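K.L.:
Fit chain B to the given chain A structure using the hints.
Each chain, letter by letter, is given below.
2 protein chains.
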Amino acid sequence: MEKQLKIDSARLWQSLMDMARIGATDKGGVRRLALTEDDARGRDLFAQWCRDAGMTVSVDEIGNLFARRAGTQTDAAPVLIGSHLDTQPEGGRFDGVYGVLAALELVRALNDANIATEKPIEIVSWTNEEGARFTPAMLGSAVFTGVTSLDDALAKQDAQGITLADALTQSGYRGTRAVQGHKIDSYFEAHIEQGPVLEANGTTIGVVTGGQAIRWLDVTVTGVAAHAGTTPMPYRKDACFAAARMAMELEQLVARYAPRGLVTIGQIGIANASRNTIAGKVTFTVDLRHHDDSEVDAMEHDLRAAFANVAMTRGVAVSVDTYWRSPATPFDAACVELVAQAVDTLGYSNERIVSGAGHDAIHLARYCPTAMVFIPCVDGLSHNEAEDALPEDVTRGANVLLPAVLARAGVAATANAH
Amino acid sequence: MEKQLKIDSARLWQSLMDMARIGATDKGGVRRLALTEDDARGRDLFAQWCRDAGMTVSVDEIGNLFARRAGTQTDAAPVLIGSHLDTQPEGGRFDGVYGVLAALELVRALNDANIATEKPIEIVSWTNEEGARFTPAMLGSAVFTGVTSLDDALAKQDAQGITLADALTQSGYRGTRAVQGHKIDSYFEAHIEQGPVLEANGTTIGVVTGGQAIRWLDVTVTGVAAHAGTTPMPYRKDACFAAARMAMELEQLVARYAPRGLVTIGQIGIANASRNTIAGKVTFTVDLRHHDDSEVDAMEHDLRAAFANVAMTRGVAVSVDTYWRSPATPFDAACVELVAQAVDTLGYSNERIVSGAGHDAIHLARYCPTAMVFIPCVDGLSHNEAEDALPEDVTRGANVLLPAVLARAGVAATANAH
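From first to last, the protein sequence lines are chains A and B.
198 is the number that full-length UniProt numbering gives to position 198 of the first sequence; each next residue is one higher, with no gaps.
388 is the number that full-length UniProt numbering gives to position 388 of the second sequence; each next residue is one higher, with no gaps.
Be aware that one or more of the hints could be misleading.
Now the in silico label distances, taken between C-beta atoms and shown as ranges [stated by the list, open to error]:
1. D218/B with A258/A: 31 to 39 Å
2. M312/B with K27/A: 52 to 60 Å
3. G269/A with G54/B: 49 to 57 Å
FYI, nobody ran anything at the bench for these hints, they're computed from the structure.
Computed from a predicted structure; not experimentally measured.
The C-beta atom is built at its ideal place from N, Cα and C for all residues, glycine as well.
With the rest of the complex left out, here is chain A (with noise of 0.2 Å):
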């Protein structure tokens, strides 16, 4: 007698906090960078899980461990679950491993139910998704999807000068599962959200339309640096009150662009920052986003605008560089319809959402048919040990996922058969 098809909400949750004990901090959060030791030991336990369930495991070149449940079409390109078991340095429980783990449970929940699908099911853990250890972030799913070269990812060092190609020897994951070229079918990602909207909506669900657009630049405002107590006002050219002038601009004509528009300042210096010395030269970081690419591009010209009439005003020099820029990605409308339809029938409140943070699907949206789910985080935090998120959020996540990647993979007609 088969089971009826459904996620285990107890076993998912142990599996989450299993999981979460290898790296584990004295608050509760997680440290496990990626292909330290416990990187590495959260993937052997996630493998040990996967040939459980029967699967097949394998690793590519890169590192990005695969765990395949066969399909009755052998030759089928597979649809791929997944997202990352690496986290950040003072990480919490749920980023990342909550989408490996989601994918896990509806693959025991397909045993336990006897269902075979049509298309193989994957599951992925992409390596070195924080890039906390390696920069950049997403690199795993950057080679795979060939967006960087394998011969680049490996060369890259972490802050101790180990290159990646031997971290991953270090670790016991350096595979020789070829890292590009594969056909796949489509690709789920669940994640918690990082951010407060889902909560302070009330809202169960985020349906993911893609991720949003971001520019990164890079501003200098040269002023002439001078005494501090020698220096009439008048005849100072000080680089730091333009910056702030400029910072105070930026930010009203970000908020032209509401509620979409986003602006931060991540990091700014001082040249020779000195007590009494006035600023000769500041620079700073801008971060824009938006949902639009050419809402991005007006910030930019507006930005660019406001910040030469300081310039002009305050008789300093200002140029601004574009350091990254990363266009917005729209997911596959089919696949992110797959997802409403699951969340409608089961009844969830639910919103549609623009990712903000980076993500692996967004790589893999340049690539195959691509949808993600997001579940609420509590107080919206994320990259921190007190990250987390309610049982009942982490169940519904997987709740969502399993039609959708149902849907995609086909249920196979000799489902119940033996």
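P.N.:
Same frame as chain A, now just chain B:
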């Protein structure tokens, strides 16, 4: 036949240029950090010049270098003239050394004219005025005047961990003359202005009436660090934009104290700064100056009110801590008047000016009657290898110093008798 009493412009300029060769930099500046080999060579040269001028050289326990020209009243307290020979790492040819060599030229001129003074004249080169090697600045004069204890000063370490005591020994300038307890008739110091005011006003001489009040504050703005991509603007408690707003408020409030109120933010930093993380904590320094202590008090009061208001409006916390306060230091009215009379007699354009920078004279002013003479520096530049002064201004400053010092020291009745 006696020569006329007259500053020898060429000799003074030649002395300055000869001294500038010691520690000369490729860009025309000077690097003669306190108690380094180059500083010792500079001191050696100066001491030899003093001995050649018939003076008696001695070194005190903190390395302050004295050269004494006897007076007819052997027990009278000396008139002290001087400044310092040490420089900034990328310093110029005039800061400090001008005051020392103008004093030497004054003595040489007295010698040439065969003029004896009633009170002795002593030239001093103070140890570690710049504070570039050992912190704080003006250390030799601080110990001389009892502001700092000898033991505390000797224990100061440079960036390499070398104590001032060891540096004195290594340089050969750990003297035996008692550093404290000397009775001083008066102190005069000639110096470049280190600011743009005299030049801008077309004024030859600054009659310095004292030092301004200085207050150093440490400000910490605490918001909440959060993800730059996932946190909507209304949810943010961004410490960086809050600090920028505070800077703007500060600039505006100090403008109400124009032209004497000065404000500088010389250092700023974001804790755990990351390009894509909203600033959780920003620290910055504030340097407030004004001629009057009560006005600095008022500026600080306004600052605290304005910052608290910004913090409340933006939902962040702010703390303002006083790091250091130096009260306004009026110079001795009689000594200042002697300088003013000299300038008037010579017919030089002049203005009363308050010293914006710290000088050894600020310490001395709390110890004995004190005055300073400023000459313009080109483009107001100082602490810079391009620091420059016009030869005619160099001469005029010494021309002013001479009668002021003579009035204080008294020309002996026997002056032209031998």
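K.L.:
Look at each hint and say if it fits the structure.
P.N.:
Structure-based check of all given hints:
no.: 1; hint: D218/B with A258/A: 31 to 39 Å; verdict: holds (34 Å)
no.: 2; hint: M312/B with K27/A: 52 to 60 Å; verdict: violated (30 Å)
no.: 3; hint: G269/A with G54/B: 49 to 57 Å; verdict: holds (54 Å)
The earlier numbered hint that this structure contradicts is number 2, and it is the only one.
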